[in-house]
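Asks: Letter by letter, the chains look like this.
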Amino acid sequence: MATILADTDAAARSTDNSPEAVVVRFAGDSGDGMQLTGGQFTLSTALAGNDLATFPDFPAEIRAPQGTLFGVSAFQINFGSTEITTAGDQPDVLVAMNPAALKTNVGQLKAGGLIIADSGEFTKRNLEKAKYEANPLEDGSLAKWTLLSFDISALTLEAVKPFGLGNKEALRCKNMWTLGLALWMFDRDRAPLVEWLKGKFAKNPVLADANIAALNAGHAYGETAEIGGQVKQKHVAPVPSEPGLYRTITGAEAISLGLVAGAQLADLPMFFGGYPITPASAILHYLAKMKEFGVTTFQAEDEIAAVASAIGASYAGALGVTSSSGPGIALKGEALGLAVMTELPLVIVNSQRGGPSTGLPTKTEQSDLYQAVYGRNGDTPMPVIAARSPADAFECAIEACRIATQFMTPVMLLTDGYIGNAAEPWHVPDPASFKPFPVTFLTENNNPEGGKPLPYKRDADGVRPWIKPGTPGLMHRIGGIEKAPETGDLDYSPATHQLQTDARKAKVDGIAAHTPAQDIDQGTEKGRLAVVGWGSTYGPIRQAVRRARAAGKDVSHIHIRHVWPLPANLGDLLRGYERILVPEMNTGQLKTVLRDQFLVDAKPLNKVSGQPFTIAEIEAAIDAHLA
Amino acid sequence: MNEMTSIVKTTLKDWESDQEVRWCPGCGDYAILKAVQRTLPEIGADPAKTVFVSGIGCSSRFPYYMASYGFHTIHGRAPAVATGVKLANPELDIWLVTGDGDGMSIGGNHTMHFLRRNINSQILLFNNEIYGLTKGQYSPTSRPGTPSPSTPLGSVDRPALPCAFALGAGARFVARGYDTSKELVHVLKAAHAHQGAAFVEIFQNCIVYNKDRFADFTEKAVADAQQLWLKHGEPMLFAKGTKGIALNAEHLHLEVVDVVEGDWQAAGVLVHDVTNRAIAHMLVELPMGAFPVALGVIYDDPRPTYEAEMLSQDARAREGKSANLAKLFAKGQTWTVAAEDQGPLSGV
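Chain order of the listed sequences is A and B.
In terms of the working numbering, the first sequence opens at residue 1 and continues consecutively.
In terms of the working numbering, the second sequence opens at residue 1 and continues consecutively.
Worth flagging that the hints you see were computed from the coordinates, not collected in a lab.
The reader is advised that the hints may include incorrect statements.
Derived pair list, reagent style BS3-like, types lysine-lysine, alpha-carbon separation capped at 30 Å [what the hints assert, rightly or not]:
(1) B:K13 <-> A:K435
(2) A:K200 <-> B:K34
(3) B:K34 <-> A:K289
(4) B:K34 <-> A:K198
(5) B:K34 <-> B:K331
(6) B:K220 <-> A:K291
(7) A:K457 <-> B:K13
(8) A:K435 <-> B:K331
(9) A:K468 <-> B:K220
(10) A:K291 <-> B:K34
(11) B:K220 <-> A:K452
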């Protein structure tokens, strides 16, 4: 197993100083408003026409003790005038609002990169909390970077003085001061942000004015060259992109919108049963505000009730949806078996996080693939789809709704903490461009002999009819116990169980005939090396393969959306390469599935540090496998 | 129950499914099944709009024997499944069938929240004080000292009281009956008439693993002395009117008083008020033996149901809004890339 570490010399050496892309990391105490600063900087980046990708990286604690190393919250953005698919390997600029933020983040900063530090926060007490023996701003330990330190706290207090805020409230404007400086650095328009602040503090215009003053002061600080010529203003050109309407979107938003669209395309009301869990709760929050789209949201008493209520809703004729993260999905396992057994549509979203058990609640991982594909008692086949990016999550959610309703099956949609929280520009689609897949409920007796209705009579694809309770004349009983073909009557005779187990498997296997063939993201149909990925490793794999191919290397990128059943052509496709490399944020789960399904010698590249792969890590592995 | 818009004429036969009933011969479940099948025609229920939802256990096989819609779900989760069914289609009339293991042990959490939310439905908890389908282990309602395969020396934990649990969870309707009782149909009808989650504990004789567990109050010979059938507005009398239940106001507990020559007022016998929650708590906790078992409708005081509140909130949220996907997709701050210059035109 080729486990690699994020912070190696090799990675540092292969950094790309591409001038058309910049990586900025805002880091501060969890109370410093870094996520908000990052979010607003993202918006201004999008409005400037750059392509971008972001990576919010925050602690599991809501408000960890101030100034501590584990209380640091960071937001990284990579933007540029070329295609951006990752949040960037190493920051070019680190904004550190306190010693702890500097200590936990400076190691990743590119050699020669810029540090902007708030010297006002580098007090003896804060240095101790960050376990610094000496002040790093003064002891020369930051020599390999460009250091720019000034008392942002004092400058902010000065800027907001006219508004008569208390000291605590005034210091809260620090993040806007910093943002102002960042906007100056990258030649950004402040107007949209000023509008946003006015809206946000509409009820308290004094706070709006104070924040705007802080923003302007930060901007002016850069402009009037008070920073002594160490930093030049940079202009990152807009990226050429397809004409149309754009917005930024996070994975959680994209999934919510995709589910709403999917239910509409199926012509069904949606019932969403959820239970709070990081990082999946955002989907429940978004959907709770979309009632006008026929969405009912229900916060259940636990994960089991969340999925069980969704199954009940599907039984009653709605599109049942539930969402969670690994530990919650584990709790839902038995109910997923019920959905498979009764053959009811259901969409389960798993926003994966580091495991096992509670693991790393706010950090990303891809270690629930086995759970999704195999993680239930009995032979319990279930389609699995994996989103590769925030924008892609939208289409994946629609695809999950399509498969669930057209094949009467639960479908697991895999996303992860990275996709869920990260934002990227999204070309707003035209709803009319999606092909509807309206559901037809059975309303007439389907028994050719006129006897009782046959709720488990299968069509050519092995799919049973969907019968809503309330339909006259079609009364029947379903359940988790083995059932006779066609009638669904309780029957656990040996022949029936064999027949029904085979039928359930054949139905799910057969879905591969109704999903797209596996394409090649970059590269050729045959060759020396295929890098095969799934989920959120898409960004770094794409960039690494792009660079390798630009350097003339024979490497292709295949990215799997349909994890189960796997695309019908995938086995033949994989056999066309001499070597197969599977980078995953787990210890080799897709690798094992590919070996099992196709008897190919897939090699793993694994990382489970809670951080996404860097491009350099994958480039290095490509080189090693081509050597 | 649901708001009955139409009365459908059916007979008991119309509610019998074609499935062979597979409970042990002599099981109390047979009598309960018949009582339910007798109740439904009397209330004018429509088999097409009636859904029986159950968990796992002997009692949970119930839906297979009803010629309505039915869902035999997983252990303990029937209340959660039923919640989804009701929220997706509030017009359906939901009957939830569970047992003491299913509803009080593995599914206790769901039972609590189902009652607390007040989902309009009938919950029939068959209490036989034993795990039948898994062959006789003691259950959360078994009395202390119950010998069983898992407690060969007798159980040591204290039993849960389903009706006390239900009241504690916020149930607005609590009733009790037993399998062979002729009164059971009336109790079920009252449960159905209640708007909200109606909780009915039905003592049920497990002929194989806990035979005659309830004989000390269900046997004909002791029935009069050991059964207190409650009726709203009527005095709490038993033993052919010779005894009654009074409130000891000084120590705040119920006590048995003798009624001389029918003068129950003189004896201070309480008049049953189904809306009196405090007395309901006392009634469900009366110790068996020293007191008769309180049966019938113990508490009935409706409150708005979860689905009614939720649907009206949703309707208000939808008011004046249309399901415009294009608008939804383009929400928030957007920008346009124009065809000619390949750069951003405007921020919105």
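Asks: Run every hint past the structure and note whether it holds.
Replies: Outcome of the hint check:
1. About 47 Å separates the Cα atoms of K13 (chain B) and K435 (chain A), which puts this hinted pair outside 30 Å; it is violated.
2. A distance of roughly 63 Å separates the Cα atoms of K200 (chain A) and K34 (chain B); the hinted pair therefore is violated under the 30 Å criterion.
3. Between K34 (chain B) and K289 (chain A) the alpha-carbon distance is near 46 Å, which puts this suggested pair outside the 30 Å criterion.
4. Under the criterion of a C-alpha separation no larger than 30 Å, the hint pairing K34 (chain B) with K198 (chain A) is inconsistent with the structure, at around 68 Å.
5. This hinted pair does not check out: K34 (chain B) and K331 (chain B) have alpha carbons roughly 57 Å apart, beyond 30 Å.
6. Straight-line distance between C-alpha atoms of K220 (chain B) and K291 (chain A) comes to about 57 Å, which puts the hinted pair past the 30 Å bound.
7. Using a Cα cut-off of 30 Å, the hinted pair K457 (chain A) and K13 (chain B) holds, with the two alpha carbons roughly 26 Å apart.
8. In summary, the hint linking K435 (chain A) to K331 (chain B) is supported, as the alpha carbons are separated by about 22 Å, within the 30 Å threshold.
9. At roughly 45 Å between alpha-carbon atoms, K468 (chain A) and K220 (chain B) are farther apart than 30 Å, so this suggested pair is violated.
10. A C-alpha spacing of about 42 Å is found between K291 (chain A) and K34 (chain B), which places the hinted pair above 30 Å, so the restraint is violated.
11. Restraint check for K220 (chain B) and K452 (chain A): not satisfied, since their Cα atoms lie roughly 42 Å apart, outside the 30 Å limit.
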